[in-house]
Structure formats: C-alpha cells, structure tokens
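Build out the structure end to end from the sequences listed, making use of the hints.
The letter at position 165 of the sequence shown is residue 165 when you use our numbering, and the numbering goes up by one with no holes.
What the hints contain is simulated information worked out from the structure, not anything from laboratory work. Remember, it's a predicted structure, so these values are computed and weren't measured experimentally. The C-beta atom is built at its ideal place from N, Cα and C for all residues, glycine as well. Honestly, I wouldn't trust all of these hints.
No farther apart than 20 Å at their CA atoms in a straight line, the calculated lysine to aspartate or glutamate pairs in the EDC-like style are these [unchecked claim]:
1. K27 with D49
2. K27 with E141
3. K126 with D138
4. K27 with E123
5. K133 with E123
6. K75 with E123
7. K75 with D49
8. K55 with D8
The following label-pair restraints were derived from C-beta to C-beta distances [said to hold, decoys possible]:
9. V15 with F95: 33 to 39 Å
10. G115 with L139: 38 to 44 Å
11. C64 with A21: 29 to 35 Å
12. M163 with L139: 41 to 47 Å
13. L118 with R172: 54 to 60 Å
14. L110 with L33: 34 to 40 Å
15. S103 with K133: 40 to 46 Å
16. Q24 with L110: 45 to 51 Å
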Amino acid sequence: MPSGKTHDAVTFLLVAPTFAATWQLTKSFPLALIVTATFTFGGLMFGPDLDTHSKQYTRWGFFCHLWYPYQAFFKHRSRWSHGLIFGTLLRIVYFMGALTLASFLPVFLLAWHSGGELPNLLEFTKAWSSIGKFVRADLGEYVFLYGFVGLWLGAASHTLTDMAGSFIKHGRVMEPF
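Laid out in structure tokens, this is it:
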C-alpha cells in the first residue's frame, strides 16, 4: 500500500484539477472553493486511514483521541473505513457524534459539579440544527452536499490510490475494496 507521503502527494496533485472541475461544473467560485477545501481536508485529515495510527490520525494532535473508538470498532482497511460507498459517510456520522459527546460531557460535568441544571442531549442536537441553518443561509442550501462531495473525493483518492498500489504489487485489487 502507498505511504502517507504518497497519499499526501496525490491529494496535493489533485487540488487544482478539483477546483477547476468544480468551478467548470458549478460556475460558482465559492462552491468550487468549498469542494476543494473539503477535498484537501478529506485527503489529509479525514481519510480512510483514521482507522489506524497513521499520518492522518497524528495530524489531529491532541484531538486524535476522538478517533480511538473508531479505530477499535473498525478493522484497518475494512470496507467500512476504506469503502467508497460508506467510508466517508460513516466517518462524518461518527465524528459528529463524537464531537457532540465531547462537547456535551464538559457541560454536563460542570452543571453536575456546580449543582446547576443538567443539560439535555437533545438540546445539543438542536444546536447542530441551528448551526446548519445558519451555514445554509450564508453559503447556500446545498453547501453541505458540496462539502460531502469534497470529503468523499478526498477519501476516494486515498482508496483508489490504495487499490492501484494493490494492483501494482499483487496483480489484482485486494479485498475489501
């Protein structure tokens, strides 16, 4: 399988074509910028190798701890982490859940310790909804779709590079891709 440096090089090599193709398709500079930024983020920090101690994982610094349960649950290079169909979607759902719990826990502990009113987890999900409405009002109705497309393309470039490396090394594409 290709090294982290190879995956990074592929990501950087595809930044300009991603921007150009998106701009050509959408005729929108902001949308092309969103897809390109999320593509770069997806390729460098939010890709399939978060299921192991990798370059992508270590780039999270202190926040890499958010990915421990993900690593424990998903086997490295499984169809759930490296899969083209569900990999990115599962990482987004996992990350949003982990971020919600990571923000909920300190607020809960502070309220419990100080004797204040304990927060409700449903309130946190409503906060995500409010953030989503604000972002869509500012950047357009389909901003999250374009962001997902960029993340997916960044992860797909990683998985397709792995598939090509597997084909070169073994003469066939190795499972689970």
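Status of each hint after checking the structure:
Among the hinted pairs, K27 with D49 is inconsistent with the structure: their alpha-carbon atoms are about 33 Å apart, more than 20 Å. In summary, the hint linking K27 to E141 is supported, as the alpha carbons are separated by about 16 Å, within the 20 Å threshold. A threshold of 20 Å between alpha carbons decides the hint, and for K126 with D138 the separation of about 19 Å falls inside it, so the pair holds. The hinted pair formed by K27 and E123 fails the criterion: a straight-line CA distance of about 38 Å is larger than 20 Å.
For the suggested pair K133 and E123, the alpha carbons sit about 15 Å apart, so the restraint of at most 20 Å is met. At most 20 Å may separate the alpha-carbon atoms for a hinted pair to count; K75 and E123 exceed this at roughly 33 Å. For the proposed pair K75 and D49, the alpha carbon gap of about 10 Å is at most 20 Å, so the pair holds. With a C-alpha separation of about 9 Å, the suggested pair K55 and D8 falls inside the 20 Å cut-off, and the hint holds.
Distance hint for V15 and F95: a CB-CB separation of about 22 Å, inconsistent with the stated range 33 to 39 Å. At about 41 Å, the CB distance of G115 to L139 agrees with the hint of 38 to 44 Å. At roughly 32 Å, the beta-carbon separation of C64 and A21 lies within the given 29 to 35 Å, and the hint holds. Between M163 and L139 the Cβ separation comes to about 33 Å, which falls outside the hinted range of 41 to 47 Å.
Separated by about 55 Å at the C-beta atoms, L118 and R172 satisfy the suggested range of 54 to 60 Å. One distance hint, 34 to 40 Å for the beta-carbon pair L110 and L33, holds here, with the actual separation near 37 Å. Checked against the hint of 40 to 46 Å, the C-beta distance between S103 and K133 comes to roughly 18 Å, which is inconsistent with it. Look at Q24 against L110: about 50 Å separates their beta carbons, and that is inside 45 to 51 Å.
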